[in-house]
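**Q** 41 is the number of the first residue of the sequence shown in my numbering; add one for each residue after it.
FYI, nobody ran anything at the bench for these hints, they're computed from the structure. Some hints could be false.
Here are the simulated lysine to any residue pairs, SDA-like style, with alpha carbons at most 25 Å apart [said to hold, decoys possible]:
{"id": "1", "residue 1": "Lys102", "residue 2": "Gln75"}
{"id": "2", "residue 1": "Lys156", "residue 2": "Gly114"}
{"id": "3", "residue 1": "Lys90", "residue 2": "Asn79"}
{"id": "4", "residue 1": "Lys146", "residue 2": "Asp108"}
{"id": "5", "residue 1": "Lys76", "residue 2": "Thr110"}
{"id": "6", "residue 1": "Lys84", "residue 2": "Arg112"}
Restraint-style ranges between C-beta atoms, simulated for each label pair [said to hold, decoys possible]:
{"id": "7", "residue 1": "Lys113", "residue 2": "Ala78", "range": "25 to 33 Å"}
{"id": "8", "residue 1": "Ser152", "residue 2": "Pro77", "range": "27 to 35 Å"}
{"id": "9", "residue 1": "Thr110", "residue 2": "Lys161", "range": "15 to 23 Å"}
All C-beta atoms in this analysis are idealised placements derived from N, C-alpha and C, irrespective of residue type, glycine included.
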Amino acid sequence: MNAFELISRSQSFNLENLFEKQSGLVKRETRFTSQKPANEIMDKIEEAAKPLGFNIRKQNYKMKLQGDKTGRKGHLSVATEVFEVAPSLHMVELRKTGGDTLEFHKFYKSFSSGLKDVMWKTEENSEEVR
């Protein structure tokens, strides 16, 4: 990941909101930051996803979450990746890779409640799902 990609992924430097006309638009991805170690973040993601009925495949600092239930557009699939931004700061990206976008939004609301102790809250984190 180069500096430009990192800047574009940071919510505080993201210029997308200047060009979007619809506020509250539910998209296919979201990000959050954490000051916890990457291994702890990965463990918490797994702990939060299993009770929601997701099968998990891990590889390095990436995970694929596959929903058990079939929705309107098939099984909900979510790809997660943990990036090290600084020695004590990580960014976690969650992307919907399959299934319905509204199901992803519902999933994220439930899922994020299980991650409250690893999510780093700032004043700019008011936007949950982009």
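**Q** Run the structure past the numbered hints and jot down the numbers of the failing ones, going up.
**A** Violated: hints 2, 5, 6, 8 and 9.
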